[in-house]
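K.L.:
Chain by chain, the residues:
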Amino acid sequence: MTNTAISVDKLNVSFGDSHVVKDLSFEVRKGESYGLVGESGSGKSTVLRVLSGLNREWSGTVAIEGAVQPKARDKAFYRNVQMVFQDPYGSLHPKKTVDDTLAEPLAIHGLDNAEARIGKALSDVGLPASFRFRYPHQLSGGQRQRVAIARALVLEPSILLLDEPTSALDVSIQAEVLNLLAALRQERKLTYILVSHDLSVVGHMCERLLVMQFGRAVEEMTVETLAARQPQTAYAQQLLTASAGFRRAG
Amino acid sequence: MASEQPLLEVDNLKVDFHTPTGIVRAVRGLSFTLGRERLGIVGESGSGKSMTGRAILDLIPHPGVVSADRMRFRGQDLTAMDKGARRKLRGRHISMVMQDPKFSLNPVETVGSQIAEAYRIHRKAGAKEARERSLAMLEQVQIREPARVYDLYPHEVSGGMGQRVMIAMMLIAEPEVLIADEPTSALDVTVQLQILKILDDLVTERGMGLIFISHDLHLVQSFCDRVIVMYGGKVMETLPAAELADPAARSRRHPYTLGLLECLPDLGHPRAKLATLNRDPAWLA
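Here the protein sequences come in this chain order: A and B. The opening position of the first sequence corresponds to residue 1 in my numbering, with each subsequent residue numbered one higher. The opening position of the second sequence corresponds to residue 251 in my numbering, with each subsequent residue numbered one higher.
Be aware that a few hints might be false.
[Said to hold, decoys possible] Some chain B residues flagged as far from chain A (calculated, every beta-carbon gap over 10 Å): (1) D266; (2) P270; (3) L309; (4) V316; (5) R320; (6) K333; (7) A335; (8) R370; (9) R383; (10) A397; (11) H405; (12) D431; (13) A498; (14) A499.
[What the hints assert, rightly or not] Cβ-Cβ distance ranges computed for the label pairs, FRET-style: (15) S130(A) / R342(B): 48 to 54 Å; (16) D496(B) / H19(A): 44 to 50 Å; (17) N113(A) / D350(B): 42 to 48 Å; (18) D100(A) / R342(B): 50 to 56 Å; (19) Q138(A) / P313(B): 18 to 24 Å.
Simulated from the structure, these hints should not be mistaken for laboratory data. For every residue, glycine included, the Cβ atom is placed at its ideal position computed from N, Cα and C.
With the hints as extra help, turn the sequences into a complete structure.
P.N.:
This is the structure:
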């Protein structure tokens, strides 16, 4: 039990008439990096929103580190589980400096020594201390995503939920952010759930992954199976083939 | 084929933006020719790839200034033309598909009437003929029930369908050159391949010239014939697309191209740490 970071059992989510997550079950071990893969509308982001407590309309069982979670989470939960969003242009308040952004979670959780914590969070994500009093529009996309990661890390969580953290970034910046995430995980023994449509990013970052389609789990596989291009199901095979690029018939 | 006049000839194209804080040089001396082929332009954000497409169409916004030693479309000198003449070319002979259907379609008009409008304007056709042509065009871009989709508003169609509507609208006047600016980057991989197939058929069957602007090296390599690699508004190199993946051609590659290729995670070759790009200021000198 203690070895399981996240366990989801028979999760169902509906928005009105549309049933977007259907009987989904999976487990993530402590320290593991787990990928959720699928096309738009497959429900992968919805799963993250349920896990993070952003979406309260669901049924099933969600347990974090052995503790079954209610719909409304307590403060300790939010300190332990943090999320990084897809769009670094939309997820930072445009009128707040980096310092304000990082100070807010500390104030909410009543943590002392904010000064030192903010300084450390910035240096952990490789941003110079001089960036502390900049506004988001004075930062590049990659720097903004680093601030978003710093905001998540400043509370010293053990689980990070990553929703397409690099899909809005150039490949060279993507490489830097992925390296940063990999190094942080190793250093702090973090558990990741990474949602992505890019199979090569998931292959690089994760040990296991779950392929989803229309809200259902299609196939869970190890990254070795992915690298060997030997999934069991036709849909997973189709995704792999499509992501290999364009092929002219004949 | 070789003796045929190229569709587009561009020599030393420059786009400058005169801002209060100085001149921003978005494109710095780009030269290329386009035949009946798929030409890829790749680069990171800010490399000037989209500005190149816009400059050809005369769509650079104020305070941008376009200059070129030569810019010809099928032998006609674009630099000597006035705004009106450029507008007559635009849409009819040279067309552009934008990245995001959500922001490029008129939200308060049905998609069908938007396609028909493009046909009526460029072909001076009547309403009935335009409607028939539009339905046929929707079918050609693999939309299953054209008559139903014709009457839908943009918010009622999916991203993939919206992009196909855009392509239908741009192609209905049968342009000789199509500039596609990241036409598939907002789409799922499987839909992406369907859109590419449509573009591919147009090049092979109708002999259209296609400029394919993208940041996706894998896609460009598998789809295009030739690739221009841009960085900071300058061309780093132009190469046959097949050579991007060819390990034997590595030593001939520009360090920037190599750097871009190496920072991509690769399923077949897992690495503990991804390479990051070291930018050399000399590339922009």
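K.L.:
Look at each hint and say if it fits the structure.
P.N.:
Now the hints, each set against the structure:
For D266(B), the non-interface assignment is confirmed: its Cβ lies about 22 Å from the closest Cβ of chain A, beyond the 10 Å cut-off. A cut-off of 10 Å between C-beta atoms confirms that P270(B) is not in contact with chain A; the least separation is 17 Å. Listed as a non-interface residue, L309(B) keeps its Cβ farther than 10 Å from every Cβ of chain A; the least gap is roughly 24 Å. Every beta carbon of chain A lies more than 10 Å from that of V316(B), the smallest distance being close to 25 Å; the non-interface claim holds.
The Cβ of R320(B) sits about 31 Å from the closest Cβ of chain A, beyond the 10 Å cut-off, so the non-interface label holds. No beta-carbon of chain A is positioned within 10 Å of the beta-carbon of K333(B); the least distance is around 33 Å. Distance to chain A confirms A335(B) as a non-interface residue, since its nearest Cβ pair spans about 36 Å, more than 10 Å. With a least CB separation of 34 Å from chain A, R370(B) remains clear of the 10 Å interface cut-off, as annotated.
The beta carbon of R383(B) is kept farther than 10 Å from every beta carbon of chain A, the shortest such distance being approximately 27 Å. Interface exclusion of A397(B) from chain A stands, the closest Cβ pair being 25 Å apart, more than 10 Å. No Cβ of chain A approaches the Cβ of H405(B) within 10 Å, the least distance being about 16 Å, so the stated non-interface status holds. Every CB of chain A is more than 10 Å from the CB of D431(B) (nearest about 16 Å), matching its label as outside the interface.
With a least beta-carbon separation of about 19 Å from chain A, A498(B) lies farther than 10 Å from that chain, consistent with its non-interface assignment. Chain A leaves A499(B) outside its interface by the beta-carbon criterion, the shortest separation being 18 Å against a cut-off of 10 Å. Our hint of 48 to 54 Å for S130(A) and R342(B) holds, since their Cβ atoms are close to 52 Å apart. Separated by about 47 Å at the C-beta atoms, D496(B) and H19(A) satisfy the suggested range of 44 to 50 Å.
Checked against the given bound of 42 to 48 Å, the beta carbons of N113(A) and D350(B), roughly 44 Å apart, stay inside it. In this structure the supplied range 50 to 56 Å holds for D100(A) paired with R342(B), their Cβ-Cβ distance being about 52 Å. At roughly 22 Å, the beta-carbon separation of Q138(A) and P313(B) lies within the given 18 to 24 Å, and the hint holds.
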